[in-house]
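Given next are the chains, with one letter for each unit.
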Amino acid sequence: MSDFDANEVRKDFPILSKTIEGNPLIYLDNAATSQKPSTVIDGIKYFYENINANPLRSLHKLAEESTKAYETAREKVARFINASPEEIIFVRNTTEAINLVSFSLKMDRGSRILTTYLEHHSNLLPWLRLRDKGMFVDIVGVDDNLELDMGRFENIRQDTKLVAVTHGSNVTGTITDVEKISRLAHASGALVLVDAAQTAPHIKLDVKKIDADFLAFSGHKMLGPMGVGVLYINKRVIPKLGTFLTGGEMISSVKMNDIKYADVPAYFEAGTPNVADAYGLGLAIDYLDKVGMDRIYAYEKKLMDYLYSSAASIDCLDIYSGKSRERGSIFSFSVKNAHPHDVAYLLNKKGIAIRSGFQCAQPLIEDKLHVKGGVARASPYFYNTYDEIDTFLAEIKKIGNMYG
Amino acid sequence: MDEDKYYELIDIYKNPEHAGKLQDFDVSEEGYSTSCGDTFNVYLKMENGTIKEASFEGNGCIISTVSISKLCSEVVGKSSDKVNSMGLEDVKRIIGIDHISASRVGCALVGLETIKKALAKYKL
Ligand SMILES: Cc1ncc(COP(=O)(O)O)c(C=O)c1O
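Sequences listed follow chains B and R, in order.
So the first sequence is numbered by my numbering: it starts at 1 and just counts up by one.
So the second sequence is numbered by my numbering: it starts at 405 and just counts up by one.
Treat the hints as calculated values from the structure; they're not laboratory data.
Worth double-checking, as some hints may not be accurate.
Quick list of in silico lysine to any residue cross-link-like pairs, SDA-like style, CA-CA up to 25 angstroms [said to hold, decoys possible]:
no.	chain 1	residue 1	chain 2	residue 2
1	B	Lys18	R	His503
2	B	Lys349	R	Lys425
3	B	Lys68	B	Thr39
4	B	Lys336	R	Leu492
5	B	Lys368	R	Tyr436
Quantities reported herein were computed from a predicted structural model and do not represent experimental measurements.
Excised from the complex, chain R in its bound form (with noise of 0.2 angstroms):
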């Protein structure tokens, strides 16, 4: 990633969509990313074994915030079986960075394996 691609995920970065808790939810679900060492929350909203609805609490690097508040975006509609399906590519796409280097591969992943984690609890 080019450092103005950087530059340009501050604004996200700065005042990121779906930050804050939902008012409504079905599951929510704490994340922990060893390599930021930060903590999120999710909260889903689901409907006919699809997302309705997501939110995040909690900041980050630019990496993990930028990447789980675009997926609460991205997520809506999908079924849990669709969103096991998706994996570090499919994050890099979403963010609009081709490389992210190993040491923050934890970062890019800590939202999507959060919501992960809540849908399977959802479904327990």
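Extracted from the complex, chain B is given alone in its bound form (with noise of 0.2 angstroms):
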């Protein structure tokens, strides 16, 4: 594997070079969206300029153009995966993904759904919802590790028709063990749910190893445009699944009594697609795999390794995440005395973006972390440098001085 070079990749990003109030910016909030590259932003004004028509639907020339424009994106994203083209739906994000799921689901009344404390409230509202429909919610906990019960998954209920599940937390940065989750959920019966938006981006994903029946992520967390995202749907369980929105492309022969509708993808595409964007996932896909997936993975997990050991020595700083066994690009923290929004005002005062709050996931953070106002959160790529952790980890500890 050759070297990589974080300082090379910063220069397709344009973004990267500007100054926040006088401060090279260095961003680290990529768990909330990641920046794009030059050829994602290139290219959707060359989709604009060049290729632009509505899919599907016109004969001319355009059409046909954008509709080869939108069928290749999803072979890139399909091949990404490791899917097939006709597996994946192209949605505007992980919760609509999710929610999709929630929607078009078959479940008699009184059936269960088992999902976790990781979840991101995309991936726990949608299903708290259901509740409202005679469907029960169970929650698998989590210990002092920061890694899921894996007990739970050993005996799940008969009635439990779909486990949901996060692969990466945006809090805790646990990586969950999906493929044995998905093992244990199919043995019982249970259709498996993988929330990837937090591990596309940085991991090499196969969804045939992973073996779930859907597989939600979002385009703009992994160099994309924001609005466009993926559900990966399993051939296998298109039967249960009845439809999420009616309309347009979505149908293949309309009359007044009869209503026939169009296969997967197209039978959850109702309306017309976002082919720009679908077009710009498929370029950022390119650049990822023209940097590597495998690349990037062992160049973030070494800089995650030095931001965690740099910051145990670091006093003033309580660490949320990284405790478990396997982690991603998460680094959850807050300075003692200091109220998360403070932290993050004052990096930004010194050009670091990072994120504050409840990061969608208010039931983890106060229930099973107990932090009462939100926690502080950085969140690196592959783009961000030793230079740049150094930077942040020494702001910190100014912030810390003064709140001490």
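Build the complex: two chains, separate frames, hints provided.
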């Protein structure tokens, strides 16, 4: 594996040379959204200047090219996670992907859904909402090392229809053993949905190995534009799904008393799709492929080990992430006596962008991490450097001194 | 707000005035800031239709904590009409900050909103 140089790839991301409050931008909010390389930014402009037309409907040349651009993007996404193109549904984001499943999966009243304390609200609320329709939701807890209580998956109740679990927590950085969870869930007859929003950008995913029935992620967290996300649906579970949104593009024939629907993926993509952003996501995948997911993973692992080991000696820090066997590029922390919003504010004055608050995982933060006002979170990506980590920690120390 | 100003507020933040429940109060109210996720309780002692004494419990970010603490001095002697006419500009003046970013407005206003809610409850 050739050596990876973050300073080389940084040149491909125009925004990374910006200054904020007079300081060079240090962007450490990648778990919220990643930055975009020029190929993606320019590609979307290229699409609108050269390809734009409503795909699938019209017969003219541009419509044909637009259709081709859209379907090529689908093929790239499929290859990226080792799926077939017809298993890839384009949606807006992870949230929509999970909602799609929660609205269309056929379940009898009284069915159970098993999810976990590690979830982002977007893999929690779509299930909690189903309680209003007579479903039950069970929640798997986490232990002191921020690992899921795996015992809970060993004896899943027979009436559990779906296990919905995150692959990577956006708060604790825990990477879960989704292969094992899939195996256990299937053994008791439940389907499995994996929220891969925090892993698709960082780890090579293989849906065949994971053996999930559904897998969701957002384009915008993996160098793609905002507004396009992916839901993978394993072919074998299609019969268990009903309609989600209805309208144009998702039908094959409509008579007032007889509607014939199109096959998946069109079936789940009602209305004019977001072709430009799907095209942009395809370019983002080209970029990730060019750098190589293995190299990205290896570099980030070293960078995060460096961050955690440097942080260990800083007394003013409380660290809430990274205790699990495997951890993602997430560093959740607080500075003693300082509110996370104040930490984020003061770091911003130095050009450092982080997230503060409940990170869309309020039950996890309040009930399991026992933190009242939320946490601060730095989330690096492969274009972040060791120098940036040093600057970040140096500023944390200064803030700690002021509040100490 | 510049960084120096922020650090000036830290001293107030660490040791805010009017923290703690009043021994003798007429009305209390809980307030929640969705922007910082913090919860505060406000206690008011009333006299002749004006606020005689105010205090708060809870802590949050600098902006919410300092503004609620300073408001507890500011509202003394004021009627509910007077307090109800106050807004973000008044809070900014009271804490001495001329710019508050959109995402922190909730932090700045949680104190004032909670005092207003307490007054409304008292009137009922
Ligand atoms: C683990 C996890 N799931 C889901 C989401 C939701 O992603 P989106 O806002 O793109 O729908 C996020 C992003 O914040 C996340 O971190």
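Structure-based check of all given hints:
no. : hint                : in the structure
1   : B:Lys18 / R:His503  : holds, 23 angstroms
2   : B:Lys349 / R:Lys425 : violated, 35 angstroms
3   : B:Lys68 / B:Thr39   : holds, 19 angstroms
4   : B:Lys336 / R:Leu492 : violated, 29 angstroms
5   : B:Lys368 / R:Tyr436 : holds, 21 angstroms
Violation of the numbered hints given earlier is confined to hints 2 and 4; the remaining hints are satisfied by the structure.
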